[in-house]
Amino acid sequence: MAEPHEHPPLKPKDFASDQAVRWCPGCGDYAVLKTAQQAFAETGRARSEFAVISGIGCSSRFPYYLSTYGFHTIHGRAPSVALGLKVARPELSVWVITGDGDSLSIGGNHTIHALRRNLDINFLLFNNRIYGLTKGQYSPTSELGKVTKSSPMGTVDHPFDPLSLALGAGATFVARSVDVQAKPLKSVLLGAYHHKGTSFVEIYQNCPIFNDDAFAVITDKPVRTERQIELEHGKPLVYGKKQEMALVLDRLRLRAVKRSDVSEAEILVHDTANREQAFLLAQMHWPEFPEPMGVFYQGQRATYEDLLLDQVSQAQKSKKADLTELVYGKNHWTVQ
Amino acid sequence: MQENTESAPSGAAKAELVIRHAVVRFAGDSGDGMQVTGGQFTSTAAYVGNDLATLPDFPAEIRAPAGTLAGVSAFQVNFASEDIYTPGDEPDVLVAMNPAALKLNLADMRSGSTILLNTDAFTRGDLAKAEYQSNPLEDDSLEGYQVVGVAMTSLTRKALQESGVSSKERDRCKNFFALGIAYWMFGRPLEPTADWLRSKFAKRPELAEANILALQAGHNYGFNTELLPVYFRVEAARLPAGVYRNITGNEATVLGLVAAAKNAGRSLVYGGYPITPASDILHELARQRHFDVRTIQCEDEIASVCAAIGASYGGALGCTASSGPGIALKQEAVGLATMVELPLVVINVQRGGPSTGLPTKTEQADLLQALYGRNGECPVPVVAPASAGECFELTYRAVWLATRYMCPVFVLTDGYLANGSEPWRLPDMATLSMAWKTTHAASEQMNGFAPYDRDEVLARPWAVPGTPGLEHRIGGLEKQAISGNVSYDPANHQQMVEIRAAKIDGISQEIPEQEVEGDADAEVLVVGWGSTHGALTAATEHLSESGHRIAHAQIRYLNPLPRNTGDVLRRFKRVFVFELNGGQLVRLLRERFLVDCIPVNKVQGQPFKVVEIEAAIKPHL
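Read top to bottom, the protein sequences are chains A and B.
Just so you know, we're using our numbering here: the first sequence kicks off at 1 and counts up by one.
Just so you know, we're using our numbering here: the second sequence kicks off at 337 and counts up by one.
If you're looking for bench data, these hints aren't it; they were derived computationally from the structure.
There is no bait here: all hints are sound.
List time: in silico BS3-like cross-link candidates among lysine-lysine, alpha-carbon distance up to 30 Å:
hint	chain 1	residue 1	chain 2	residue 2
1	B	539	A	320
2	B	539	B	504
3	B	539	A	330
4	B	539	A	319
5	B	536	A	319
6	A	221	A	241
7	B	539	A	317
8	A	196	A	235
9	B	536	A	320
10	A	11	A	221
11	A	235	A	186
Values in this document were obtained by computation on a predicted structure and should not be read as measured data.
Using the sequences provided together with the hints, build the complete structure.
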């Protein structure tokens, strides 16, 4: 395995493959791809040490557009393929690229189990709240009552909140970002890269064809500062054009208040190690609250592959791998 | 009293009858420990050098209500001083621990056979639970059998009075009392079982001693009461020279995987999800971490096979095993492995289907599933071991084919092979190693590297993530030949479909030609696959001993078929195809070779009996 810096520093364009990118014009995936290429380059790792695994959906074409190792698998199963790969090759930087249909519907089971195992992988969930590749049916994150081709009278399915799900499943790194907000997105991707354990990153991503402006209400430039709140460890949770709004804790519930109405000491301070607080933040949605962006939670827990490979090396230390002995077993006899 | 187990008692020697083989069936409630009892009887038979074959037969319920017909668990063992191939059609001795066990098994006993009963269990309540209208010990329903009634429960209690174990634990020792009687009947040593008990209950030595006491008490009881007028002896079998061990199919499958991975120099990554009768493969592999075996108990069957594929992508040996319904779930991923051309070994320990079917009973009805149960044109090699021991060889071979040809390979075993045991002549470990091809692409350089380039057997390179210069993308979408880029080009798709098919067909050059056992000039050929081997061999040998001309072909490579299969089939006037399904292989053979093979099918969750095979063929000889 090549060490960082053994090769000339790579540029974002070094991570672009020779394949023509074929997402719809205006698709948010372009922006995420560009930012991911920048983040990959900034890690200093060789291209050969990245493996990008995807399921099925528009976002899952991602690996074809990167000059790393890539595997476009089957619907919902990318976390399982990543599991086997990571157990076989723990030294690789493994990225799972998935959408809201892929990882929360058909692959929901694998998503929660990847999170509880805490494999050292980076799980990027492109959430556009719609099925794009199958042309516009509602997804597990579509808002209740959404009218689509498969729900002409509006959906009757209550949506998932991906970050609450991730926290509940035991994720050790939980973050959110927006496709076109390159700087914070890159910072979150690098945070995920450096985190040891499963990093779950929800990316609000726009589908201009089937669910245009799904997040415009909080991502449009003129309203962004009022409707998003940037999470930074150790910093007070304040937001608004002039940072005039703040979050406070009121009997185990969050409340958005005018900063002038409370004392500075009452304002909640973001603590990425506080899982309970992360749960509260994950459930904040516009218009009741601003939507948090950044790292919600980061904790430490042994990774699945480390625990498994520790057992392998312990076993190898305590017992010789003698094939003849194994095949012969305890009770064998000789016939002359 | 130990000396009694060492030599025949004086006087008793006169009554000793040397027989060539015997079939004993232990039957009782599923809480009675019949599988353990049968397993110990088997180990002792192996210890004294008999050839043997076993048939465990247990209910899907862990504990059906005690004493009911649904709760009966049985274990049959055939042991012999000659070559045998099956667990036997009809038991010579039935050990029945309760009325339900008697009721369910009596139909398999021929008249004159011996039935050893626990009379303590023939109470009114137990008889009612077994749906008996009258007590068979008191009516004439057991006339014609040699019935030996022993108050096993009370005798065991009495023998263990001083043992210091609880009364509940005392009662649970009665299976060893019954085993002791069976050992007396056949002049078997007690020590191997005593040793086993001591190591099994190492943490509770008082329990080990209680069971040993029960075993001895049963043995002494037979001896002292001269329970039967004769006492049998089955000499050691004259097996071909070599080192042997007793092995089940699942154990042999595990050894095949571990040995293949080690000789291939790769980590074994096994993705599994518990399912009867495949779970033991996961259990056994999980104990082999020191061989760099990395087992993952996944959240479901799909995750298991996908993890195996991910591991193979990473250069390890990816493997998964399951049974019918689990395999059905894995099939989409097997299609993926076919498309991305990565090694994968999929073991299907077949059981009765469809759906949940008969989870603990055997069947061979997943052949067409293995061959055709995926979307698109998706050929994969399929192999089927014919005996427990062969599970080693063919699993080993499957790993080799998967890595050499870069494809998924199916291994079809079944519940009967998986749980049944036989003495297995060990392979020569020194010569086992196959020349593993490990040169896949590793040395090829950037400019020349193409992920869908092909070697002389049409295999693509195995370029492993982490290797500088070989970065590439694979996936389920159709790939352009050579470059591996996504391609929807119509002509390219047809070309790729044909290449994938030709690659698998080419394996026929690699595998051995189909052999024919028996009389090569006979007019009648009997064909089978998988676990029917034993019964077909016994039947054809028996028929030819009685002067009939008959030949037998057991097909171990089902896709591709051995290159001479058509020639073999056409050489015979009549071809019978025996299968534990509705007629799956017979369709293939008819379609492929236009030979009018005659199907003989059994779908009862039980293996063929030798007499059933003979009865089917005899009219045509």
